[in-house]
Amino acid sequence: MKLPAPNALVGGALIGFLAIVASVSAVWTPYDPLRLSFRAKLAAPSAMHWLGTDEFGRDVLSRLMAGAATSVWISLLTVALAVSLGTVIGLFSGYVRGWVDRTIMAFNDALLAFPGILLALGLLAVVGANKYGIILALGIAYAPSVARIVRGTVLSLREREFISASRVMGNSEAFTMLRHILPNCIAPLTVLATSMFGWVLLAESSLSFLGLGVPPPAPTWGNMLAGSRPYIGQAVWLGVFPGLCISLTLLGINLLGDALRDKLDPRMRGAR
Amino acid sequence: MLRFALTRILMSVPTLLIVSVSVFGLIRLIPGDPASLMLGDLATPASIADLQARLGLDQSVPVQFGIWFGNLLKGDLGQSINSQQAVLPLILQRFWISAQIVLVAVLLASLVAVPAGVLAAWKQDTSLDLSLVAVATLLLSIPTFWLGLLLLLFFGLKLEWLPVVGYVSIAENPLAGILYLVMPIMTLFLHEIGVILRMARASTLEVLRLDYITHARAKGLTESAVLWNHAFKNAFGPTWTLIGLVLGNLLGGIAVVETVFTIPGLGRLLVDSIFARDYPVIQGCMLFVAFTYVLVNLVIDLCYPIFDPRVTAQ
Amino acid sequence: MNRLLVSAFALLGFASPTMAQSITVAVAADIRSNNPGVNRDDNTDDFALQLVEGLVGYNEGGVATPLLAEKVDLSADGKTYTFTLRQGVRFHNGAELSSADVLWNWTRYMDAKTDWRCTSEFDGRSGLKVESVTAPDARTVVMQIDKPNALFLDTLARTDCAMTAILHKDSVKADGSWDKPIGTGPYQFGEWKRGEYFTMTAFEGYKSPAGGQRDGYVGSKRPLLKDVKFLIVKDPATVKAGLVSGALDMADILPSDAVELRKHPKLAVAVEPNAVRHVFLIQTKDAVMGNQKVRQAIAASLDMDEIVASFYNDLGKPNTSPIYSGSSYFGEVEKKGHTYDPARAKKLLQEAGYKGEKIIILANKRPVVPSFPAAVVAQQMLQAVGVNAEIEVLDWATQLDRFNKGNYQMQSFSFSARFDPAIAFEQFSGPKDKQPRKTWDNPEAQKQIDKLYVTSDRAERQKLVDELHKRVIDEVPMIFAFNGLDIIAHAKRVQGFKPWQSKLRMWEVTLAN
Chain A
1 MKLPAPNALV GGALIGFLAI VASVSAVWTP YDPLRLSFRA KLAAPSAMHW
51 LGTDEFGRDV LSRLMAGAAT SVWISLLTVA LAVSLGTVIG LFSGYVRGWV
101 DRTIMAFNDA LLAFPGILLA LGLLAVVGAN KYGIILALGI AYAPSVARIV
151 RGTVLSLRER EFISASRVMG NSEAFTMLRH ILPNCIAPLT VLATSMFGWV
201 LLAESSLSFL GLGVPPPAPT WGNMLAGSRP YIGQAVWLGV FPGLCISLTL
251 LGINLLGDAL RDKLDPRMRG AR
Chain B
1 MLRFALTRIL MSVPTLLIVS VSVFGLIRLI PGDPASLMLG DLATPASIAD
51 LQARLGLDQS VPVQFGIWFG NLLKGDLGQS INSQQAVLPL ILQRFWISAQ
101 IVLVAVLLAS LVAVPAGVLA AWKQDTSLDL SLVAVATLLL SIPTFWLGLL
151 LLLFFGLKLE WLPVVGYVSI AENPLAGILY LVMPIMTLFL HEIGVILRMA
201 RASTLEVLRL DYITHARAKG LTESAVLWNH AFKNAFGPTW TLIGLVLGNL
251 LGGIAVVETV FTIPGLGRLL VDSIFARDYP VIQGCMLFVA FTYVLVNLVI
301 DLCYPIFDPR VTAQ
Chain C
1 MNRLLVSAFA LLGFASPTMA QSITVAVAAD IRSNNPGVNR DDNTDDFALQ
51 LVEGLVGYNE GGVATPLLAE KVDLSADGKT YTFTLRQGVR FHNGAELSSA
101 DVLWNWTRYM DAKTDWRCTS EFDGRSGLKV ESVTAPDART VVMQIDKPNA
151 LFLDTLARTD CAMTAILHKD SVKADGSWDK PIGTGPYQFG EWKRGEYFTM
201 TAFEGYKSPA GGQRDGYVGS KRPLLKDVKF LIVKDPATVK AGLVSGALDM
251 ADILPSDAVE LRKHPKLAVA VEPNAVRHVF LIQTKDAVMG NQKVRQAIAA
301 SLDMDEIVAS FYNDLGKPNT SPIYSGSSYF GEVEKKGHTY DPARAKKLLQ
351 EAGYKGEKII ILANKRPVVP SFPAAVVAQQ MLQAVGVNAE IEVLDWATQL
401 DRFNKGNYQM QSFSFSARFD PAIAFEQFSG PKDKQPRKTW DNPEAQKQID
451 KLYVTSDRAE RQKLVDELHK RVIDEVPMIF AFNGLDIIAH AKRVQGFKPW
501 QSKLRMWEVT LAN
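Here the protein sequences line up with chains A, B and C, keeping their order. Taking our numbering, the leading residue of the first sequence gets 1, the next gets one more, and so forth. Taking our numbering, the leading residue of the second sequence gets 1, the next gets one more, and so forth. Taking our numbering, the leading residue of the third sequence gets 1, the next gets one more, and so forth.
Chain A on its own, in the form it takes in the complex (with noise of 0.2 angstroms):
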């Protein structure tokens, strides 16, 4: 029995306790998040109020837990929609090349010329401004940069022996891709992800900086980052906080990902 590696801990550790504060959130936070308190505007870090009160007196601390479980769900989902669809058009691409794959890269290309902004804008206009719609529209700008780089994997993987091996030995072409291919995506695809999941919660704080983020009053990191900005000469805790709570969720979801990729690989497995 040997000791999980390091990052596994402390990311595991980071990400553990993010688990535990999103959940507690549902059922309990000092005060309501969305209580206006106008006797307590911009209130320093106090015993009252742990980690002071934003412009409209709201907690800082019950606010960041409820953003939390939002933040990470919206992250979450984004991530898992822009890679499984990146996944399937990059295998698909990848794997049967010819005028299919250029067509499909033509797309590909065209949809990742886009820059986020306006794609976010334009779909979050017509599906309305909600976290469905921001999940949808990044979740679109993200996925043809998964499905390049499974693309490119499956291009360099192509020529290489154990492919054609099984090939030689008569599995059929879905086999080969689901049973050698996608196993050797997965190490990309991994540090891809996490690095995707910290763009999206970056991206999402970026359109409310903008002025077309998750719409406020809900709160998420994102936007009471945005939001913080006017405020940081009277109150640096209000851009603070949350700021930290990213970077930590970032810093425990890139370890976690890091030890999860020594596992996963195949050719560790192969070797054990």
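Listed next, the stretches of chain B that the computed footprint assigns to chain C, with coverage defined by at least 3 CB atoms under 8 angstroms from CB atoms of chain C:
#1 43-50
#2 142-154
#3 254-264
Calculated directly from the structure, the hints in this document are not laboratory data. For each residue, glycine too, the CB sits at the ideal point set by N, CA and C.
Given the coordinates of chain A, assemble chains B and C onto it according to the supplied hints.
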């Protein structure tokens, strides 16, 4: 090689066509139009209709597209609704500003992050690796506008080293121009280090485990020779692709940094035009960004076989 | 180290805080053009009106008063206006103003090719028609309108018409295309770097109107600054940083920054109310909002003091009248509006048979308007009395589109400045089936508004305004909440500046060293 390049260039034509059509359609799906925005709460239905007719927005979308596309083939991207400037010179002027920032930041970040990533992979699981990854992860996770603002407060206000607002073109005044670009470049640079370092590390790790590396080691090559001759070259391929992605994404994402530092770049032009529903500028910008992106990817793909001999260019 | 670099900047001419008599002002957006009244927005008008002048302009109280004209005489039948021009007024190129210039400008403005914003205001399409403009002599211009109109001079003076500016004909190139503004204003056009900055310099030959005091767009208008650079800075946090560092001498700031910047030893903050009216629009055609009792309940549930404070902190005051608080028509009647009474709100809801139907308030997050913060606070108060209120945040263009189509239940919105009460009411009143953007569709009230347009008698007008105000409060077709505030921070060495109706008038402003 030449044939590959030609095929790729031909292949990008449909990509650009798809971009043109979808941008054209998408921005007209978004509610709100330039005429009513210009008139604000003063608008009467008659005055809006008047202005729309003057802007040519009263025709059906396919007709509008036909006119626009016809002009495009003649190299005319039209005129901005808001500023009445010709779109192409406007875009080129703004692009030059953004490109300076993006290229310098990504170049510097690659110079630092690729070797650092390889180093981290080589020393995997040591404290050096852990701290490099931790630094990269932290950098990656700080939103650029937040980072930019912190820099602004620190270097601009606290230390008074760098100018806080405005922009001076390098061509007009080289010294001042550079000083204005320091903070935006630094912001992007710090952020991109995180992205590129992680990818370089991951690709190197992958390569280090491959049989031929083991083989090279077994042949008795020194660790550094193995690292540079085999691992580094092979790991550069995927990282190279990622740098391409980063460049492309940055062109869209730079708007945030340009907004913080009030840099009149392409990103801000695009975002402003979206909010103002300045259709010709949005269309022009999007097509231009898409074109640049396709070009960057072409160069990346052309270089790919150089780094990864297993992929044959065809 | 930092001293060294800072002085290096001074040498480079960067923002040049040390250059005598020049100031740098931050503006949030670029001008749309330098062609007055053509391709414009408020920001463009503000710049244009430093450079050009019209026959009449608004005084501090929003009344059209002679500017390039020395006096304006109205005939007994109310249809002939005789403008006598001031003597010795010169254009920026040195040419002397004469009645021929007025005729040339009028012809240009009435030409559809000019695209003047206000052509339709004078050619009969909006009810008012100028039948002839003649110049009996070099100093006299006579304008003939088709029927008496209480708002003719007001319309000429409108800022969105760029005051019907009188330009020199060399402002236009030989081929008829626009070149640059050559006006009679205190400042002349400098240079314009699109997306970056625009500048103006003092016009040495400026002849100020009579009156020792600054008074709106009339009164004393001496250009005392050598030049003014308007730098485009979009981000409020950057603006604040620029003010503190001294790179900016003046800027419009967010209310939330006022307290902090006031404490700064080198900065002063000037606050003045303007005629912008922040409102909650209501769609009376909506199934739920159609019930007057529900609307009255909503009005009673809002604690306006807190709603103002959500954006302006302690700087602003509520005003639930359609008439802005600085107007000469804002009297005792207008001061009485909605009162905060949650108990009454609950009772009204019960009477209305409200059963928790969802009410969506549209808002946008532009930092310069209270749309979002006001909606957040209102939502909280509505929920407190049992209204199931939700907020939907849209981008401004989308929200405006919904406004123009009448497609909403409630909106947190702002009406741009209107000085005359007739126009202030016309802004939101009218038949919804013809103009879906109108919020108040009451034929009886419309008749009174139409009367305001033709009545010149001051007391008669006040009576109409009072009645209309009472109707709006009772029917609640929308809820007026408070007026806008101009909050301008400037370096203390910039002296004599006073914000007025969101315009950054640079005349009579001096720089102490």
